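Engineer: With the hints as constraints, model all of the structure from the sequences given.
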Amino acid sequence: MVSIADVNPYEMIAYTGSRVLEDNTIIFVGTGLPIIAAMHAQLTHAPNANLIFEAGSLASILEQGMPMSVGDTRAFRKAVFAKGLCAVFELTQRGYSDYAFIGGAQVDIYGNICSTFEGGTYAKPRVRFPGSGGAGAMAANCEKTIAIMALEKRRFVKQVDFITSIGFGDGSPDYREKAGVMGSGPYRVITNQALFGFDKDTRRMMLLEYLPGKSPEAIQDLVDFELLIAPDVKEMAIPTEHDLMLLQTKCDPEGFFLKRKIVDK
Amino acid sequence: METGVNSKIIGWTKVEKEVVEKAAARKRNFEYWGPTPREARKIAVGKKKGLSDKRMTIKDAVDKYLKDGINIGVGGFVNTRVPTALMWNIIKKGAKNLTLSFQSNSICNEWIAGAMLCYPEHISIKRAELAWWGYEIIGIAPLLRYLAGNELIELDDYTNYGMSVRFKAGAMGLPFIPVRDHGGSDMELVNRGVMMKCPFSGDNTYLVPACNPDLGIIHVTAADMHGNARIFGALCTCPEIAQAAGHTIMSCETIIDNMAIRRYPNLTEIPYPVIDAVCEQQFGAWPGAVYGQYWFDMEHFLYFRSLCDEFRKTGSKSKLKAYYDEYFFGCDTWDDFIAKIVPHKKLTFLRKMDGQQPIILS
Numbered sequence: 063m064v065s066i067a068d069v070n071p072y073e074m075i076a077y078t079g080s081r082v083l084e085d086n087t088i089i090f091v092g093t094g095l096p097i098i099a100a101m102h103a104q105l106t107h108a109p110n111a112n113l114i115f116e117a118g119s120l121a122s123i124l125e126q127g128m129p130m131s132v133g134d135t136r137a138f139r140k141a142v143f144a145k146g147l148c149a150v151f152e153l154t155q156r157g158y159s160d161y162a163f164i165g166g167a168q169v170d171i172y173g174n175i176c177s178t179f180e181g182g183t184y185a186k187p188r189v190r191f192p193g194s195g196g197a198g199a200m201a202a203n204c205e206k207t208i209a210i211m212a213l214e215k216r217r218f219v220k221q222v223d224f225i226t227s228i229g230f231g232d233g234s235p236d237y238r239e240k241a242g243v244m245g246s247g248p249y250r251v252i253t254n255q256a257l258f259g260f261d262k263d264t265r266r267m268m269l270l271e272y273l274p275g276k277s278p279e280a281i282q283d284l285v286d287f288e289l290l291i292a293p294d295v296k297e298m299a300i301p302t303e304h305d306l307m308l309l310q311t312k313c314d315p316e317g318f319f320l321k322r323k324i325v326d327k
Numbered sequence: 188m189e190t191g192v193n194s195k196i197i198g199w200t201k202v203e204k205e206v207v208e209k210a211a212a213r214k215r216n217f218e219y220w221g222p223t224p225r226e227a228r229k230i231a232v233g234k235k236k237g238l239s240d241k242r243m244t245i246k247d248a249v250d251k252y253l254k255d256g257i258n259i260g261v262g263g264f265v266n267t268r269v270p271t272a273l274m275w276n277i278i279k280k281g282a283k284n285l286t287l288s289f290q291s292n293s294i295c296n297e298w299i300a301g302a303m304l305c306y307p308e309h310i311s312i313k314r315a316e317l318a319w320w321g322y323e324i325i326g327i328a329p330l331l332r333y334l335a336g337n338e339l340i341e342l343d344d345y346t347n348y349g350m351s352v353r354f355k356a357g358a359m360g361l362p363f364i365p366v367r368d369h370g371g372s373d374m375e376l377v378n379r380g381v382m383m384k385c386p387f388s389g390d391n392t393y394l395v396p397a398c399n400p401d402l403g404i405i406h407v408t409a410a411d412m413h414g415n416a417r418i419f420g421a422l423c424t425c426p427e428i429a430q431a432a433g434h435t436i437m438s439c440e441t442i443i444d445n446m447a448i449r450r451y452p453n454l455t456e457i458p459y460p461v462i463d464a465v466c467e468q469q470f471g472a473w474p475g476a477v478y479g480q481y482w483f484d485m486e487h488f489l490y491f492r493s494l495c496d497e498f499r500k501t502g503s504k505s506k507l508k509a510y511y512d513e514y515f516f517g518c519d520t521w522d523d524f525i526a527k528i529v530p531h532k533k534l535t536f537l538r539k540m541d542g543q544q545p546i547i548l549s
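Line by line, the protein sequences are chains A and B. Per the numbering used here, residue 63 is the first one in the first sequence, and the count goes up by one each step. Per the numbering used here, residue 188 is the first one in the second sequence, and the count goes up by one each step.
These aren't lab readings, by the way, just hints derived from the structure by calculation. One or more hints might be untrue.
[Said to hold, decoys possible] Partial pick of chain B residues on the chain A-facing surface, computed with a CB cut under 7 Å:
#: 1; residue: F264
#: 2; residue: E323
#: 3; residue: R332
#: 4; residue: D368
#: 5; residue: G370
#: 6; residue: G371
#: 7; residue: S372
#: 8; residue: G420
#: 9; residue: T424
[To be verified] DSS-like cross-link-like pairs, simulated, lysine-lysine; straight-line CA separation at most 25 Å:
#: 10; chain 1: A; residue 1: K321; chain 2: A; residue 2: K276
#: 11; chain 1: A; residue 1: K186; chain 2: B; residue 2: K504
#: 12; chain 1: B; residue 1: K201; chain 2: A; residue 2: K215
[As the list claims (entries may be wrong)] Only some residues are given here: those of chain B computed to face chain A with a beta carbon under 7 Å:
#: 13; residue: K201
#: 14; residue: T392
#: 15; residue: L422
No experiment lies behind these values; they were computed from the predicted model shown. Even glycine gets a Cβ: it sits at the ideal position worked out from N, Cα and C.
Structural biologist: Listed below in structure tokens is the structure:
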């Protein structure tokens with residue numbers, strides 16, 4: 063029996079990410095934990111979930127090990143289709159990508175994500191991040207957006223400083239339609255301590271699950287806006303020994319992402 | 188260009204009013220950062236279209252096509268098939284007030300940014316139209332952070348699809364292209380695209396301007412002497428950049444026979460007329476990776492990034508300058524540079540890490 067103390071935060075995120083993914087889908091993945099989560103899903107409940115890597119591959123077989131980035135040559139190993147960025151983003155714009163699986167620095171009550179800068183202003187940022195990359199296009203046009211984020215008050219904010227990746231905008235029902243994007247928008251936000259979804263009527267972030275031993279109140283304390291709590295809110299499932307073995311030996315054996323030190327800036 | 192159409196971001200954004208107004212003026216007074224689509228066409232029309240021998244050294248190609256003030260379209264994607272040998276020669280030759288255009292890139296941008304910070308009279312970039320400037324797993328780019336934080340560079344932010352399809356529009360001879368992203372994000376307000384009501388569907392649709400760089404620089408797996416190119420693994424946006432650019436210098440790991448190209452014409456990803464110079468250069472994307480040839484040299488990315496980060500934190504340029512003095516200005520050719528900076532056994536290791544991916548050179 064695995065106890066929660068045996069599971070590190072990154073393993074918890076990867077396992078939870080895996081649980082969220084359904085079989086017979088196409089998952090457009092970002093670097094790091096999304097790749098690991100998707101690999102775990104393929105090894106367990108979703109053997110026919112296939113990946114898009116934005117440099118241009120579809121349904122590769124990751125037998126050379128975890129790609130270190132979405133542009134890694136390994137991400138093209140034994141793919142069924144290997145082209146470039148236009149090809150896979152157009153497949154996505156057309157409606158063939160079920161999930162966007164992205165990260166970010168800040169998320170808000172309506173699931174908008176900032177990954178362009180932190181602190182200061184857009185014109186003079188304290189820390190300029192690399193930019194949108196694929197994230198903005200994935201959040202616009204994959205059918206459902208799944209985001210991975212560290213659960214901290216400064217990251218879960220009422221309104222992000224800059225919308226890099228569109229969520230529900232200002233929360234109005236026609237925000238995405240007026241934006242001209244095609245996907246249905248935010249679906250899940252995954253952290254090591256909680257799993258969030260979005261309320262259908264208000265499009266606001268809603269707590270679905272929390273880490274065993276925590277409480278909805280404890281999660282609320284880490285979020286800078288008022289969370290909706292799902293009527294059937296429950297504890298998060300913990301990975302089994304087999305799940306941990308897969309994560310540690312098959313998905314990220316070198317521990318590039320799962321054994322990172324947790325750094326507080 | 189003003190359309191009077193916006194998504195609801197205009198009433199919701201947290202971006203300062205003056206920044207939005209400045210960006211709106213940039214849309215209103217729109218200028219292509221490089222040849223206009225008409226000018227790009229004129230350049231294409233003026234080229235001789237026969238199957239000529241376009242082989243030359245990178246140095247000669249750069250001497251011929253690099254000029255002050257031009258827009259350089261950079262191929263590859265993050266750390267994959269990045270045209271480092273070409274960028275290295277561009278930095279050595281020097282040019283001022285350059286614009287860079289790319290979707291996602293790492294060391295090409297950081298190299299030229301670092302060279303500018305050390306030797307601003309020799310080489311400089313004034314702006315970039317981009318989606319992403321960083322190293323992925325290795326971390327964010329310290330010099331982008333420095334340049335942006337000190338307002339030393341003008342940026343025009345798109346998504347990876349946005350930049351890719353801007354090159355595609357350029358490659359199609361079109362002035363713009365409609366897309367289903369950027370709208371509703373703050374990029375709608377700060378970049379140079381515009382929202383419009385589609386005359387057919389009535390939907391709000393975002394338009395991004397074509398990007399036709401003056402000079403495309405790409406590195407590919409193999410090509411014949413005329414410029415017909417094969418690419419294995421990710422195409423990235425190299426075919427689009429090559430076709431969009433006024434002129435394109437293409438380095439390749441190996442030159443193959445024209446009869447090989449003709450045996451499998453479906454494998455040609457870039458047709459010869461859009462290529463102006465073919466430069467055979469082994470390890471031409473190091474420390475980046477080339478599918479079927481070699482993998483990333485993670486150690487070098489980390490090493491160079493650490494020099495840049497030290498500069499950002501301390502303001503001291505001494506180590507960064509020493510790097511350029513020894514490895515750029517202290518070497519005649521890319522081959523000399525590679526011999527000096529990477530141990531042979533490291534290259535052997537990198538080949539082993541990715542050399543088994545199957546590619547077709549015959």
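Engineer: State for each hint whether it applies.
Structural biologist: Quick rundown of the hints versus the structure:
1. F264: It holds, given that the least Cβ distance between F264 of chain B and chain A is near 4 Å, below 7 Å.
2. E323: holds, 4 Å
3. R332: The hint holds - R332 of chain B has a Cβ within 7 Å of chain A, the shortest such distance being about 5 Å.
4. D368: holds, 4 Å
5. G370: Nearest chain A Cβ about 4 Å off; hint holds.
6. G371: For G371 of chain B, the interface hint holds, since the closest Cβ of chain A sits about 3 Å away, which is under 7 Å.
7. S372: holds, 4 Å
8. G420: Status holds, d = 5 Å.
9. T424: holds, 5 Å
10. A:K321 with A:K276: holds, 23 Å
11. A:K186 with B:K504: Holds, because 22 Å separates the two Cα atoms, which is no more than 25 Å.
12. B:K201 with A:K215: The hint holds at about 18 Å.
13. K201: holds, 6 Å
14. T392: At about 5 Å, which falls below the 7 Å cut-off, the nearest Cβ of chain A leaves the hint on T392 of chain B intact, so it holds.
15. L422: Because about 3 Å separates L422 of chain B from the closest Cβ in chain A, which is inside the 7 Å limit, the hint holds.
Going through the hint list in order, the structure satisfies each hint without exception.
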